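Participant: Listed below, chain by chain, are the residues.
Number of protein chains: 2
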Amino acid sequence: MTASPRTVRVELGDRSYDILIGPGLIASAATEIAKRLKGRRMAVITDNNVAPLYLDALMDGLASVGIEAVSAILPAGEKTKSFEHLIPVCETILGARIERNDAVIALGGGVIGDLTGFAAGIVRRGSRFIQIPTSLLAQVDSSVGGKTGINSPHGKNLIGVFHQPDLVLADTDVLDTLSPREFRAGYAEVAKYGLIDKPDFFEWLEKNWQAVFAGGDARIEAVAISCQAKADVVAADERENGQRALLNLGHTFGHALEAATAYDGTRLVHGEGVSIGMVLAHQFSSRMNLASPDVAKRVESHLKTVGLPTSMDEIPGTLPPAEVLMDAIAQDKKVKGGKLTFILTRGLGEAFVADDVPASEVLSFLKEKHPA
Amino acid sequence: MTASPRTVRVELGDRSYDILIGPGLIASAATEIAKRLKGRRMAVITDNNVAPLYLDALMDGLASVGIEAVSAILPAGEKTKSFEHLIPVCETILGARIERNDAVIALGGGVIGDLTGFAAGIVRRGSRFIQIPTSLLAQVDSSVGGKTGINSPHGKNLIGVFHQPDLVLADTDVLDTLSPREFRAGYAEVAKYGLIDKPDFFEWLEKNWQAVFAGGDARIEAVAISCQAKADVVAADERENGQRALLNLGHTFGHALEAATAYDGTRLVHGEGVSIGMVLAHQFSSRMNLASPDVAKRVESHLKTVGLPTSMDEIPGTLPPAEVLMDAIAQDKKVKGGKLTFILTRGLGEAFVADDVPASEVLSFLKEKHPA
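Chains as they are written, first to last, in my numbering: chain A, 1 to 372; chain B, 1 to 372.
In case anyone wonders, no lab produced these hints; they're calculated from the structure.
Not one of these hints is a red herring.
Short derived list, chain B residues pointing at chain A, Cβ under 10 Å:
hint: 1; residue: Arg124
hint: 2; residue: Ser152
hint: 3; residue: His154
hint: 4; residue: His163
What you are looking at is a predicted structure, and each value in this text was computed from that prediction instead of being measured.
The C-beta atom is built at its ideal place from N, Cα and C for all residues, glycine as well.
All chains should be modelled from the sequences, with the hints used to inform the complete structure.
Facilitator: Listed below in structure tokens is the structure:
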């Protein structure tokens with residue numbers, strides 16, 4: 001038997017929920033679910049990478065506690081976050097005759113979590129939702145906070161809802177099956193929490209990152225601190241009217257790079273975009289005389305050490321010119337009345353929301369970093 | 001110039017909003033919008049019945065107050081409440097580069113309001129939304145309360161979100177262009193507010209319904225009382241956990257009849273389904289010894305007087321057998337753990353939520369009313 005998992009509570013009034021973090025949680029998922037939810041019907045949504053590894057174990061577990069479950073297996077990959085796949089998922093959930101106490105379960109990474117959460121959020125104007133994130137990125141980021149959605153030809157995550165899960169089960173063992181590249185991509189978000197407002201955590205990561213990659217207690221610790229960090233921000237600002245925007249550190253540049261590479265995961269995955277984006281955000285902060293250039297160098301150095309890309313020229317293939325990247329930034333969500341909102345920093349772990357960044361400065365910075 | 005419109009305030013904390021009710025409100029829409037919203041870009045969604053009548057006036061008005069607007073015209077009819085039409089509406093809104101203070105405007109009846117509200121609710125996880133309802137049904141029902149959505153092959157309104165508008169403009173003049181059949185269908189919902197908990201209003205309608213149909217002050221009064229009634233219920237129970245379910249009086253039977261006629265508006269429109277459903281709910285209440293049979297007779301008599309259908313055998317074409325209607329009821333939203341929730345009544349204007357109605361009783365009642 002495994003020890004009790006760690007629990008992080010996301011405090012959101014009558015929508016509060018627990019994140020359980022620890023080894024072996026897929027094996028004990030059904031028991032943990034049955035302890036907390038009354039429902040006896042569930043719909044499990046997963047993808048064709050995750051299904052062969054964990055779907056049978058989950059379905060058998062659910063059956064063993066008397067929960068009648070159906071499942072749907074979607075193609076793995078970012079392109080699945082589309083109306084094309086959302087529609088049959090909604091129909092699967094409706095076909096399973098999920099009632100008010102029943103739940104929809106997302107078994108997979110961020111793509112499956114975002115898509116399934118969106119479907120759960122709109123079926124019957126909101127159905128119960130359980131996340132079983134199987135990637136590091138999903139465990140420390142997308143499974144906390146209730147953001148769900150799909151992509152549009154106009155940009156990433158532009159269509160979706162806020163829909164909080166009822167329970168999150170983060171099994172840290174499953175991360176052993178991730179490719180090093182995928183683990184590193186998730187690690188970018190872990191480092192982000194240090195860079196937002198936890199310089200001590202960033203320093204701990206600089207010393208302990210190899211243990212986090214190896215597994216065991218350091219990994220559980222890093223996942224738990226990350227979930228707690230995100231939970232704290234979300235509890236203070238559920239709908240992203242203010243401080244929640246800090247979580248977008250590195251994301252405005254990152255999203256633009258993802259758009260510029262047409263969400264082609266062979267060239268750039270989300271966490272890699274965030275890694276480059278965080279370095280750019282620190283360099284831009286230094287250029288704006290907000291922070292010492294040493295901070296940007298220290299961030300770049302650590303991310304490089306773990307094997308993450310830290311500059312645009314590491315992205316395989318040709319990037320569009322700076323003007324096109326700028327256009328993608330302007331179409332991003334963080335725009336008010338034509339002015340640009342960026343997350344910048346005053347030092348290590350001193351990020352802040354800057355809502356009056358001149359577009360001209362960003363464009364000339366991009367041109368400098370990425371000459372045509 | 002017209003007099004100031006009546007205002008009904010929907011009290012929902014930081015999501016409170018005004019419903020303006022009166023003549024000439026489409027002509028003054030842009031002024032009313034500019035008074036209340038800072039946004040300078042809007043996307044107007046309408047249908048091919050409404051567009052020739054009011055779209056130019058609205059667009060010209062918006063231009064005259066400096067609001068840049070795009071528009072999309074959808075086919076009129078219930079079938080438009082589908083993913084097929086939702087997707088291009090989302091893309092239109094995104095293409096218009098609507099920012100946080102801008103808004104999406106629904107110009108049309110319930111179908112346009114429900115679909116557009118859903119699109120506004122999911123674009124950027126929630127965009128500002130203005131309703132300009134052009135049918136009586138939309139003015140007194142769907143434009144108040146924030147329910148949005150589309151239909152699924154599994155049933156009506158099964159996919160959607162709660163998304164409150166920022167402003168509702170109910171122009172009572174536009175109701176003059178409705179067909180008598182469409183006006184009557186909306187009137188069924190007006191009568192419903194009396195039957196829920198306002199016996200005096202129902203009595204007033206019995207005496208004044210002809211004036212309401214004719215237009216003028218009686219119509220404004222009926223629309224305002226209806227909006228206020230719905231606003232009061234919604235303010236007390238936004239997410240339909242309790243008393244809001246009272247608004248479904250007549251709707252469980254009504255939705256089953258709409259499903260049984262494949263949402264074919266030539267056979268049955270929503271308000272007609274509600275009319276028959278309200279009569280059935282009163283008859284069933286009497287059969288369960290909850291209310292006197294005289295109440296059901298009085299309700300039937302008034303609805304018949306205004307020209308609404310009051311029994312299943314008035315629906316043109318063949319209805320499926322009672323068992324199939326029962327199946328549609330069981331798939332409706334108001335189901336908990338297999339038990340049926342119905343809105344029943346103890347007398348005129350004394351509706352209540354009954355959450356333990358035996359399915360067997362409903363089925364034998366349906367067989368009695370609709371022998372195979």
